[in-house]
Amino acid sequence: MLYLIGLGLADERDITVKGLEIVKKAERVYLEAYTAILLVDKEQLESYYGRPIIIADREMVESASDDILAGADTADIAFLVVGDPFSATTHTDLLLRCRTSTPPIPTRAIPNASILTAVGATGLQLYAFGQTVSMVFFTDNWKPSSYYDRIRENASLGLHTLLLLDIKVREPSLEALARGRRVYEPPRFMTVAQCCAQMLETEAERAEGVYGPDSLAAGVARAGSEDEKIVVGTLSQLCDVDMGRPLHSVVLLGRRTHDMEREFIREFAVDRDVFDRVWKRDYEGK
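Just remember that the numbering used here sits 1 ahead of the position in the sequence shown, which is counted from 1.
Hints listed in this document are in silico derivations from the structure and should not be mistaken for laboratory results. Just so we're clear, the structure is a prediction, and the values are computed from it rather than from any experiment. Note that beta-carbon positions come from the ideal geometry of N, C-alpha and C, so glycine has one too. Heads up, some of the hints might be wrong.
Claimed, not checked - Straight line, CA to CA, 27 angstroms or less: simulated DSSO-like cross-link-like pairs of lysine-lysine: (1) Lys144 x Lys169; (2) Lys43 x Lys230; (3) Lys43 x Lys169; (4) Lys43 x Lys19.
What the hints assert, rightly or not - Restraint ranges, calculated between C-beta atoms of paired labels, are given here: (5) Val137 x Thr101: 38 to 44 angstroms; (6) Asn142 x His259: 38 to 44 angstroms; (7) Gln132 x His259: 38 to 44 angstroms; (8) Asp167 x Asp42: 37 to 43 angstroms.
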């Protein structure tokens, strides 16, 4: 059987008891390492789990999945996923490959906490969130803005938007590929400040007034860890915050808010006077 095992968000201790039992008896253990990362390295996981771990980067999962699934019809293979197994479509695709293999490979998913639920630590109510949106790194000649349409749809309903920020782990250099060589770029992790700056850049280009410099947002860093950090402010203010090491996320506040949400998130405000002014103008009674 192929087991997709959620690891939670922070460190080696976040795995469930059920998941750990499977890892200890599996024939091979893979760690998916490109849709998200834990706050500890592979060696720390191996020490705690008592098993060697094979890193499964994007190239392996997308181009060499047969190696991962080899023998999974007769032995147990564990595929570890940061957060919950179904937080990324990549893992659904892996299960579909198991269904269509000959013979079919049985599968089972072991759930765990993900950023989709951990973001509730901001005090914003989870049922008031709309579509989750990804923010990718802009380049000089590639600044996609399709994400803006999803944000606009959420905003039209007064719903919050969770932005998942880009990470680049073991990404090949396009310049090197053009020269016939495979060279990997250093790892990069988008910050709250970078995300907010890109959001405002898109707003300036689209000029649809969905979220401007004075719109409220929450920055979240290392959700679920002991040094979790949450900061609330305008997009302009969050362009200047330093949230520390990855991983980061951003929540754009929808206008259909509750007084309890305001009371909770106000504690995280960069400047409470600014927060109160913007809240009264744009959110109170909306």
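Outcome of the hint check:
1. At most 27 angstroms may separate the alpha-carbon atoms for a hinted pair to count; Lys144 and Lys169 meet this at roughly 16 angstroms.
2. Only pairs whose Cα atoms come within 27 angstroms are accepted, and Lys43 paired with Lys230 is accepted, the gap being roughly 24 angstroms.
3. Straight-line distance between C-alpha atoms of Lys43 and Lys169 comes to about 17 angstroms, which keeps the hinted pair within the 27 angstroms bound.
4. About 20 angstroms separates the Cα atoms of Lys43 and Lys19, which keeps this hinted pair within 27 angstroms; it holds.
5. Separated by about 30 angstroms at the C-beta atoms, Val137 and Thr101 break the suggested range of 38 to 44 angstroms.
6. A hinted range of 38 to 44 angstroms for the beta carbons of Asn142 and His259 is consistent with their spacing of about 43 angstroms.
7. Roughly 20 angstroms separates the CB atoms of Gln132 and His259, a value that falls outside the hinted 38 to 44 angstroms.
8. Taking 37 to 43 angstroms as the suggested C-beta distance range, the pair Asp167 and Asp42 does not conform, at roughly 21 angstroms.
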